[in-house]
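A.B. asks: First to last, the sequence lines map onto chains R and A. Heads up: take any position in the first sequence, counting from 1, add 68, and you land on the working numbering. Position 111 of the second sequence, counting from 1, maps to 98 under the working numbering, and the rest follow consecutively.
Just so you know, the hints here were simulated from the structure itself, not pulled from any lab data. Using N, Cα and C, we set each Cβ at its ideal position, and we do this for glycine too. A few of these clues could be false.
[To be verified] As a list, the in silico SDA-like pairs of lysine to any residue whose alpha-carbon atoms are at most 25 Å apart:
#1 A:LYS38 - R:TRP82
#2 R:LYS78 - A:PHE87
#3 R:LYS197 - R:ASN330
#4 R:LYS78 - A:ILE75
#5 A:LYS11 - R:THR113
#6 R:LYS236 - R:GLU253
#7 A:LYS11 - R:VAL114
#8 R:LYS197 - R:CYS321
#9 A:LYS11 - R:THR180
#10 A:LYS11 - R:GLU120
#11 A:LYS11 - R:ARG314
#12 R:LYS323 - A:TYR17
#13 A:LYS11 - R:ALA121
#14 A:LYS11 - R:PHE99
#15 A:LYS38 - R:LEU93
#16 R:LYS236 - A:GLY16
#17 A:LYS11 - A:MET144
#18 A:LYS38 - R:LEU72
[What the hints assert, rightly or not] Some chain A residues close to chain R (C-beta under 7 Å, calculated; not the full set):
#19 MET40
#20 PHE52
#21 GLY58
#22 ALA62
#23 TYR119
#24 PRO127
[As the list claims (entries may be wrong)] For each label pair, taking beta carbons as the anchor points, the in silico distance ranges come out as:
#25 R:TYR77 - A:TYR(-11): 28 to 34 Å
#26 A:ASP123 - R:GLY104: 27 to 33 Å
#27 A:ARG(-7) - R:VAL149: 55 to 61 Å
#28 R:GLN141 - A:PHE120: 35 to 41 Å
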Amino acid sequence: MKGLLEFFYKHNHWLLFLLLEGISLFLLFTFNDYQGRVWMTSAGTVTGGVLEAGQRVTGYFGLTAENRRLAEQNAALEEQVFGLRQMLDSIALDHLTAETENEWPFSVVPATVIENSTGKPNNFITINKGTLDGINPDMGVISSDGVVGVTFRCSAHYTLVLPILNSKSNLSCKVRPGDSFGYLEWRGVDARNAQLCDVPRYADISVGDTVVTSGHSAFFPEGLMVGIVAAIEPSADNLSNDISVRLATSFACLKHVFVIGNTGADERRELLKEATEKTE
Amino acid sequence: MYSFLRRLVTFITLILVQVFILDKIHLFGYATPMLYVWFILTLGTDEGRNKTMLWAFAMGLAIDFFGNTFGIHAASATLLAFVRPALIRLFFIRNDGETFVPGIQSMGAGAFRGYALLGIVLHHIVVFVLEYFSFDYLVPMAISLGSSVVLTMLFVMAVERIFGHRS
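Work out the full structure: start from the sequences and follow the hints.
C.D. replies: In structure tokens form, the structure reads like this:
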């Protein structure tokens, strides 16, 4: 017994080393199992606060370009509103307006990016809105250019977003024109390109086609811009095509994003829950 | 007490520099400097192995919290602190029982360079293996690893020359 204690005392740095490595690897490999560990991320109260303070300083850089982009976006939206209003007027002329029960089921919350990485194999984005602003995990996030990702973990004031640039990201998309479906994955390194997988070989796709959200997932409405087809190659098993997609969103200089809350999604989820409860 | 405060200020400064500036650098899309290892490399040996490991663990964990790496840097920094005494012995022969601050001044530029390079290589291998955690990406992983080692080494040598310990 005494020998054992002496042994441990003599090699106490080994014990400490194994303990610390054990804690680190435990944190790493069990992160996904614990929702409550959001404080250990950049969306935590302390880390998020520090990052937001930093963002207030660095946010001034590139304001000119950002303003120009917002003005351009404003103009484009203005144009769209004008077109839609004209269309609405022409419809109203020869139709009876009925009370529509199907309201637009999506709400939009604007947010500012306070932390963003693009160079890691698993990138995350932190935004300055949290559960208090009505944001929950599994909501779609878009920028003015295109789809960004899906909310992953939320604290009261900050949210961690799982962007397309993460190996865990998996986005259901379709290619226009032609409407062939596939899943958008990211295989690392290049922040401007992602891969559209599982597209059948017979699908009629050519370089330059537009990739948009499919509307199959509850996160995004149908038809949001994702990117442009940049290259088409047969996959390793020769059963489908691997399509390289140039992403519309420029992740490296992302500043403002919009979180899409889907009021219909909760309903869908509740229905599914009820159904599974009843069958059990 | 004074030396502890000094150490704490260096600790916090390096974390902020790493989080706000260096983590944003992806030279050629691959290389990211991890200057924070300089803190672990140059802690005085009077701290002892266990305390050095705790400092390294805390630093790695802070980097993890800010960068969403969930423990990768805590694991690699702890490993670096653990093997540090062996690395120092490889490059520098000291009198028994005498404590010193590893650095260019105490060890000489050549010995410190060898010690820092080997430490950085070990640390970066753990970081990138845990980050990629897949054999599908061996080539990008190797490129990131090699280029980041070079960049970290440049930063560490530069910072050591400017801010390194003088007695």
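A.B. asks: Run every hint past the structure and note whether it holds.
C.D. replies: Hint check:
1. A:LYS38 - R:TRP82: holds (13 Å)
2. R:LYS78 - A:PHE87: At roughly 23 Å apart (the allowed maximum being 25 Å), A:PHE87 and R:LYS78 satisfy the hint.
3. R:LYS197 - R:ASN330: The given pair, whose Cα atoms are some 16 Å apart, holds under the 25 Å limit.
4. R:LYS78 - A:ILE75: Since the Cα atoms of R:LYS78 and A:ILE75 sit roughly 21 Å apart, the hinted pair holds (cutoff 25 Å).
5. A:LYS11 - R:THR113: With a Cα-Cα distance of about 22 Å, the restraint between A:LYS11 and R:THR113 holds, given a limit of 25 Å.
6. R:LYS236 - R:GLU253: Satisfied, since the Cα-Cα distance of roughly 8 Å is no more than 25 Å.
7. A:LYS11 - R:VAL114: holds (20 Å)
8. R:LYS197 - R:CYS321: With Cα atoms ~19 Å apart, R:LYS197 and R:CYS321 stay inside 25 Å; holds.
9. A:LYS11 - R:THR180: Holds, at roughly 18 Å.
10. A:LYS11 - R:GLU120: Roughly 16 Å between the alpha carbons, so the hint for A:LYS11 and R:GLU120 holds.
11. A:LYS11 - R:ARG314: Status holds; Cα separation ~22 Å.
12. R:LYS323 - A:TYR17: Holds: R:LYS323 and A:TYR17 sit about 23 Å apart, inside 25 Å.
13. A:LYS11 - R:ALA121: Roughly 17 Å separates the two Cα atoms, so the pair holds.
14. A:LYS11 - R:PHE99: holds (24 Å)
15. A:LYS38 - R:LEU93: holds (20 Å)
16. R:LYS236 - A:GLY16: holds (20 Å)
17. A:LYS11 - A:MET144: Status holds; Cα separation ~20 Å.
18. A:LYS38 - R:LEU72: The hint holds at about 23 Å.
19. MET40: holds (6 Å)
20. PHE52: With a minimum Cβ separation of about 5 Å from chain R (threshold 7 Å), the hint on A:PHE52 holds.
21. GLY58: holds (4 Å)
22. ALA62: Status holds, d = 4 Å.
23. TYR119: With a minimum Cβ separation of about 5 Å from chain R (threshold 7 Å), the hint on A:TYR119 holds.
24. PRO127: Hint holds; A:PRO127 Cβ to chain R Cβ min 5 Å, cut 7 Å.
25. R:TYR77 - A:TYR(-11): 28 to 34 Å: Cβ of R:TYR77 to Cβ of A:TYR(-11): about 31 Å, so the range 28 to 34 Å holds.
26. A:ASP123 - R:GLY104: 27 to 33 Å: Holds - the Cβ-Cβ distance for A:ASP123 and R:GLY104, about 31 Å, lies within 27 to 33 Å.
27. A:ARG(-7) - R:VAL149: 55 to 61 Å: Cβ of A:ARG(-7) to Cβ of R:VAL149: about 60 Å, so the range 55 to 61 Å holds.
28. R:GLN141 - A:PHE120: 35 to 41 Å: Distance hint for R:GLN141, A:PHE120 holds at roughly 39 Å.
When held up to the earlier numbered hints, the structure conflicts with none and fits them all.
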